[in-house]
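Q: Could you build the full structure based on these sequences and the hints that come with them?
Those protein sequences? They're chains C and U, same order as listed.
Using my numbering, the letters of the first sequence map in sequence onto residues 21 to 290.
Using my numbering, the letters of the second sequence map in sequence onto residues 19 to 152.
By construction, these hints were calculated from the structure, which means they are not laboratory data.
Hints may contain errors.
Unchecked claim - Derived DSBU-like pairs (lysine-lysine); straight-line CA-CA distance at most 35 Å: (1) C:K110 - U:K120; (2) U:K120 - U:K136; (3) U:K74 - U:K120; (4) U:K121 - C:K110; (5) U:K136 - C:K110; (6) U:K74 - U:K136; (7) C:K258 - C:K186.
What the hints assert, rightly or not - Which bits of chain U does chain C cover? Going by a derived footprint, with three or more residues having C-beta under 8 Å, they are: (8) 42 to 53; (9) 89 to 98.
Yeah, the Cβ is synthetic: ideal placement off N, Cα and C, and Gly gets one too.
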Amino acid sequence: MIHGMRRDGTPRGLYTGFAALVGVAAAALLTAGAVGAWAAAQPARSQAAASASARDFSGVWMPSHWYHLLGGGDPGNLPRNTLFSFPLPKAVSERVALLTPWGQARLAAWTPENDPDARCLSPGAVRAYQSPYPIEFLASPGRMTILFEYQHLVRRVFLDSRAHPKDFDVAPMGHSTGRWEGDTLVVDTVGLADTTLLNATGLPHSEQMRLTERLTKILGGDVLEVEFTIADPVAYTKPWSATSYFKRDLAGQVIEYNCDLVVDYRKPGQ
Amino acid sequence: MRRLILALLLVGAGASATRAHHSTSMFDMAHPLTLTGTVAVFDWANPHSYIRIDVKDDAGTLERWDVETHAISLLSRKGWTRRSFAPGDVITVTGGQLRDGKKTIRLLRGTKAADGWKFYGDDFSTEKPAKPGA
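A: Below you can see the structure in the form of structure tokens.
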């Protein structure tokens, strides 16, 4: 409007000129007011925009630990899994030291041959993150859906303030609810079947396990940090945490992975 | 000798990397075998694919060996397809044998005689990116 007045406003008389001056002043005041309001609103709006961006997990993410294996090239300085970082035995032995007698017995019964993974059985909510396969997040109102390439697994995280069902039957992925703490998605999971393990070397858990995950985009949004805490009084003497990292891969593709073509370790050649 | 030690170290690093997803502790990855044989069956499968090969033993008798490697999606990303091996293909493979003595090895790396294609299993230390355009 101001530009328009300046461009074609040629005052023809005093009144017109005065009116024009008032108009310009009013426009300037209005403009100043609007700019003031805009400026005041700006931090909140950009904060909201930044937050929306920080909370946007949608897309394909490659586990940083296996970036090389997944064709992403050298993982370079990408942060790696803490629990499964090398040397592996120390990271795992620290958790083994926390096992209760029940947990120790479970671990002693594990062998690579009876490992659920070798038999195409679900790895469960925790171990699904440890595999060398990408994951994909789908956002929809009241819900975050996590798709795992590994065995075509799905986790549904309900963000609509619902409670866990009272009599939820256990399942490998359990029942998950989530809420935002700032730009961190906090996921609470219960009802996890104890047929699954927490890693590839037999770390067990019981059906009493409560899994808390804190998912945050870090390093400019390119890396997703998943800190998970295991609270399981049956299997471990105290809660413990570990972290996994994923690198956003805009070109990443999730490839179909089913276990219909199972080849049994125990029957080679068949 | 120095080269041999280096090779063993690299193999060791590859073996520890492998344990983090699919446990291969039942394979003796620290003492890999190298076999040359003829492909009988290629099982393109999850959770692991197998190349089943016939290898002549010292007496000249054919023995069936199973060469275990990754799941389909991982191999796809390395440029493999279900047609990577056909019956009759001659391949040379290196990998760790099952500790219980069964004739199964876990693939580290191999070469296909016909076209010289170098393929990789758990040998992450020397693996190069997949073939361009693969």
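Q: Hints first: check each against the structure and report whether it holds.
A: Okay, the hints, checked on the actual structure:
1. At most 35 Å may separate the alpha-carbon atoms for a hinted pair to count; K110 (chain C) and K120 (chain U) meet this at roughly 30 Å.
2. For a cut-off of 35 Å, the pair hint linking K120 (chain U) to K136 (chain U) stands: about 25 Å separates their Cα positions.
3. A distance of roughly 16 Å separates the Cα atoms of K74 (chain U) and K120 (chain U); the hinted pair therefore holds under the 35 Å criterion.
4. A hinted pair counts as satisfied when its Cα atoms are at most 35 Å apart, and K121 (chain U) with K110 (chain C) qualifies at roughly 32 Å.
5. Distance restraint check for K136 (chain U) and K110 (chain C): the Cα-Cα separation of roughly 34 Å lies within the 35 Å cut-off, and the hinted pair is therefore satisfied.
6. Pair hint K74 (chain U) plus K136 (chain U) holds up; C-alpha atoms about 22 Å apart against a cutoff of 35 Å.
7. Between the alpha carbons of K258 (chain C) and K186 (chain C) the distance comes to roughly 25 Å, so the proposed pair stays at or under 35 Å and holds.
8. Residues of the stretch 42 to 53 of chain U with a Cβ under 8 Å from some Cβ of chain C number 3, which satisfies the need for three, so the listed coverage holds.
9. Using a Cβ-Cβ cut-off of 8 Å, 7 residues of the stretch 89 to 98 of chain U lie near chain C, which meets the minimum of three, so the contact claim holds.
The earlier numbered hints are all upheld by this structure, with none contradicted.
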